[in-house]
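Protein chains: 2
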Amino acid sequence: MTEQLTVVGTRVTRIDAMEKVTGLGLYAPDLEVQGMVHGLTLRSPHPHARVVSVDGSRAEKLPGFRGLVKASEVPRVCGTWFNLRSRKELTKLFQQDDKVRFIGDPVLVVAADDEETAREAISLIDVEYQVLPAVFDPFEAVVSTDVKIHDRGNVGFHIVKEYGDSDAGFAEAEVIQEHRYVTSKQKHASLEPCGTCIAEWGREGSLTLWSTTQVPHWTQMYLSLAMGIPIAKVRVIRPHVGGAFGARAGVIWGLELMCAALAKEAGHPVKMEFTREEDFSATESRHPFTVDYRVGAKRDGTLVAADARIVIDVGGYGTHYVSVLADALGTGVGIYRIPNYRFEGTCVYTNKSLGGAFRGYGNPQMNFAQESALDELAEKLGIDPVEMRLKNYRGAGELDPVFEVPVKSDGMRGCLQDGASAMDWQVRRAASREQKAEGTLRRGVGMAAHQHGTGARFGLPDPSSAVIRINADGSVHLLTACADDGQGNRTVLAQIAAEVLGVPFEWISVSDTDTAIAPLDGGTHGSRQTYCGGTAVLKAATEARESIMKLAAEYLERSQEGLTLTGGNIADVDTGESLVGLGDLMRHYQVGDFSRCHEVIAHASGVTEDQPPVFGATFAEVEVDVETGQVRVIKMVGAFDVGKAINPAQCEGQISGGLTMGVGYALTEGLVIEDGKVLNPGYRDYKIPRAIDAPEVVSVLVESIEPTGPFGAKGLGEATMISSAAAIANAVHDAVGARIRELTITPEKILRALKETAQ
Amino acid sequence: MTEQLTVVGTRVTRIDAMEKVTGLGLYAPDLEVQGMVHGLTLRSPHPHARVVSVDGSRAEKLPGFRGLVKASEVPRVCGTWFNLRSRKELTKLFQQDDKVRFIGDPVLVVAADDEETAREAISLIDVEYQVLPAVFDPFEAVVSTDVKIHDRGNVGFHIVKEYGDSDAGFAEAEVIQEHRYVTSKQKHASLEPCGTCIAEWGREGSLTLWSTTQVPHWTQMYLSLAMGIPIAKVRVIRPHVGGAFGARAGVIWGLELMCAALAKEAGHPVKMEFTREEDFSATESRHPFTVDYRVGAKRDGTLVAADARIVIDVGGYGTHYVSVLADALGTGVGIYRIPNYRFEGTCVYTNKSLGGAFRGYGNPQMNFAQESALDELAEKLGIDPVEMRLKNYRGAGELDPVFEVPVKSDGMRGCLQDGASAMDWQVRRAASREQKAEGTLRRGVGMAAHQHGTGARFGLPDPSSAVIRINADGSVHLLTACADDGQGNRTVLAQIAAEVLGVPFEWISVSDTDTAIAPLDGGTHGSRQTYCGGTAVLKAATEARESIMKLAAEYLERSQEGLTLTGGNIADVDTGESLVGLGDLMRHYQVGDFSRCHEVIAHASGVTEDQPPVFGATFAEVEVDVETGQVRVIKMVGAFDVGKAINPAQCEGQISGGLTMGVGYALTEGLVIEDGKVLNPGYRDYKIPRAIDAPEVVSVLVESIEPTGPFGAKGLGEATMISSAAAIANAVHDAVGARIRELTITPEKILRALKETAQ
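Residue numbers (our numbering), protein chains in the order written: chain A, 1 to 759; chain B, 1 to 759.
Be careful, since some hints might not be right.
What the hints assert, rightly or not - Footprint (simulated), chain A over chain B, 3 or more residues, beta carbon under 8 angstroms: (1) 21-27; (2) 79-87; (3) 228-241; (4) 496-508; (5) 587-597.
By construction, these hints were calculated from the structure, which means they are not laboratory data. Quick reminder that beta carbons are idealized off the backbone N, C-alpha and C, glycines included.
Produce the entire structure from the sequences given, and follow the hints as far as they go.
Right, here's the structure in full:
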């Protein structure tokens, strides 16, 4: 390893910047495959029904009609890659039947030569439904006797965990804080609509899928199982993707598998492209949580007990809900030194669109409850919220009780202190307390903290692999299936490879995200690529470097110890004198010496040692109009312990995006559903922060140097939005004294709360 | 390694059969890339000229015009991958100037939105030429003082090699045979016209080229050098190819590099597609040889001396000519135990289309001379031609004097004896001697032998690499850049992988031929893929198997020695009882055990130990019409020492194709050029054997088991056509007594020879 970092830690331009800003790069909706036809979905108008019959005879007569596949003919992925782990688990991955469970649930897909014909075909198909009673409220669903959404009932999963003795803990507590906190059904709302793919059956009996999936290899395995062909015959290619945030952490509801089946039926490649309305009303969203949270402390602020009772509204199907709940458990119980913690979670089906993976994965919901409650508790105790966190968080060497793994890199103190400093916390906090009741605008500051695991090592299969090939000019092929959703993780992997190999950054070419090219990878989720993918790249590059140095020693007839590789040259380790260019060396062994013609290839595959927590603290300054209830977020400070910032510019990009998404989560973002119908399926009615709504963002990067991470790095992506909602809610309370415990924080709720406070 | 072969040696269906027979598979002319425009070439009407100026101003004004690039702005590849071996050699790879050297030599290329506009643009471009004197005959070119095709003169290369003492040898000889033999300028005449590619500048500043090249990695390096970008930024993708035969053993004249430069200029992907006329008149063809050959023997048939003086008509440019000459040397000198051999070769430029690589690569030309001469000598000596070869060929343990490598697997005796037997040689030979002069038809049989090296190990860089990835269901990704021109070599590599790994053949998925996917490979030429590519696959698969067995032992808690892998199962080596499926084992380690999540990946890269000779004997029975001079080839027997037939059906396919190509080479195939103009640039006038012209073909596979080859295999592809022309010429002589020493063997030449014989 080089001692002086030259690429890692620098703000190199991301490798795909040019093609993205020039419009040259192709995203899934831009793609065309020769001979392709168009697929379209017929969706259920009923929240709950059985499909009795489908009559496609009139559609089939349309010129240009290419095929029809019923949803009941294709397995639905109702689990995660956890279910890939064994034959037994595999049986739980899919669900296939003739029911529809929410308005918009796919009934069938048709293919036709063009979209117009497909649309006409859809209009000519007669579907007979047996309409079933529906339930939309999870608390009703739990007790309902006349609505049975799934054969096994409406409760998908239930768990109680107790660490320590919560009753005894609360008995010890001197102050107890207890409330119900409710979160919204947030949609990922990525720039690129969620739901485009192309499926082609072709080369050597294989299936090729152009998909925006974040997890190409798991998608490959899903397709292999669903279509009954070997994994080796399925190829998943990821084009550029305009934002994912978990929405693509698997296959998209009703998309890839249906498209593959339809392409087979049609005998043509099929492209399917969901509209924004289909995206918002019929694909995965964030699970809404109702958290009854109780927390007890000593007068000095020492936390002694907590009790969280969570009901998750899963929607019609249950992808990811078990692991989302597990993440709420791990992060909720893990962050503070609460010796007695009771945790109960219930996942309930309702006849609404399904929940799925979403940035933070259960943590933002849990964090909103816990960090709001902690703010309330700190106020009761008269302790500064920052002090409250500093006093109680689990730091270096401490064991998290869920996974029982010690914290190895602890940046929480840095996040809390540096973040507070960047917000000028003491001054602003005092200022909000002292502001006069003049005009209608009131300012306040709030904060919240979080931790979030990097990767999924302790809960899900989490492989990363990398192959490095050194070319005859010293340039490098890095083969990785890392899916870049726009965050720039492929650039980070290239930086790690360049740093380890000792070559200029420009010499690295990162492969397309394509299962035919790149080795097994767990995908892009869980803030894992820098840490997990980076570890694989580091190992493969280290092995490649070792092979290079052996050849260099032989070529130069010098001892390997006396040589180094830097700037693309083999140099004398003492004098720094360049002895031979890497290109010349590689050319010699690949091409020049006919008795060798040997290419340096190295690979690594496996998991990381750990799942280290990314600590973070979010600070928000808000301005509330007490007359209108309108909240404006003025400034946010996001202080995050990234371990090591491989590319500080990209970290800042994540923070800027994550905090802004947090503003949306806090204030405006949530699907409005009435009788199972989504009333705001698009940007006209579903409001995400516009540029003008975005606060001033200050990024604080804390580098705790994680010993198990590549160059000390941990993750970042998800962490950046987790504690935003609580920080903003706490700031609103600081500004006007109104405590909003239900997301989103609408003007109506503020006005109502102000009214109640005034009474 | 498994002891009982289950996949190797069987006639598995080739992996691309279905898509090829159904028309689903795409060939280069079928391909479309989004946003592509069309490129067209303006070609020189002069055989020799300097391009003084180009005025494209009228063309540029055409709507839809996209760009113009002059040939003088782009390097031409005038060497082979030999020139990639060092910085010094690199300087000899390219040539760039403002001259044109044959009719059809590219002057410039234009791009336009469609072909019509491109054609119109071409018609609007004014080119001013300074016409130079031209020379078309190589013997004139050697002595010409007023025509200087290249700055360094008209002789591109000249070599004299002497093994032993030829003067002394001839002094010893009791019989001497001496004549001039001349071969034609054969065109590859593949089903798919030679000259389609698409170049796209795109993803992350890289160049992607869809090319029919046989040598993707060398093409990648050529492009990298010519375009001044790192190798890692060049991607070469090979679609299906409908025949190559050497025509694509590099870049095609005026195609890939021009197309890449044009795409850059146009700012769009560019597709270029040569017409059949452009293919025949302006791309590479087989070098015509004039061989003055003298051979001396003892009365008992023992060869004692030979002298070959070869003049090669290189055409306007010299790709491959040095190595073609070297191959004529190696195979000519190597095959027989001639202790005294003088070899002189001269490569001469003429103002005709250029010579290039072509199946056999110098050997068919040399073989026609040597094997015709040997037939004449045998006749003089009254020795049976088969006996003559048996007596003199170099067999097991003998050193070839050029490379000084011993023969390790000797199938020549088998080829000669089994081939003779399949032809019923003695009986037919006697019959032709005894036939009566009734009617106009006479039958005769002839034979010739050859050897041909496998791969290019001793003359050119010759790497092969393979990567094996085992999927979670036990299916296998085999990554190889092996280019399949239609011979089925990717199928053979899959067979080797399946055999070594102990999995069903259907579990293997062979990667696309794509430099972004597959590791370094020397390409498909020199009959090398089964032997060289197969060796890399064997090594990688062996390494993968070892990794699998280690995991199996751990998983089953048994010793590795007690386990085997067969039929996709880990089994008890003694009882054969299946203990765990490979899929279940791999799933466990990849997905099931969260602490591992390890993918088995293995790779191999390097060269083979040897370049073993493929021995062969071709037997032909012909019927000659003494009135018309028409020759019909009735039957051919091809006996070839393949080492081990990995897939006998594919070997037979090669033999069938190669012998038929040999019939064309003997009888009809040659470009007719007058004053530098090709008079037969297409199938109307250039005659290849049609189905009705093809003889009955009998394939004889001799398995000598090459110790350095995978499962004993050597090569085959080129060998199948090498000795056809001599065998047919010898059969013609046997039938009617006419000795034709100049290809092609036309009716005119036969009638003339019969007239001379009659006088």
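Each hint tested on the structure:
Three residues within the 8 angstroms Cβ limit are the bar, and the region 21-27 of chain B against chain A gives 3, so the coverage statement holds. For the region 79-87 of chain B, the stated coverage by chain A is satisfied: 5 residues place a CB nearer than 8 angstroms to a CB of that chain, which reaches the threshold of 3. Counting residues of the region 228-241 of chain B whose CB lies closer than 8 angstroms to any CB of chain A gives 4, which reaches the minimum of 3, so the coverage claim holds. Closer than 8 angstroms: that is the beta-carbon criterion, and the region 496-508 of chain B has 3 residues meeting it against chain A, so the requirement of 3 holds.
With 9 residues having a beta carbon nearer than 8 angstroms to a beta carbon of chain A, the region 587-597 of chain B meets the requirement of three or more and the stated coverage holds.
Figure legend: structure checked against the earlier numbered hints; every hint is met.
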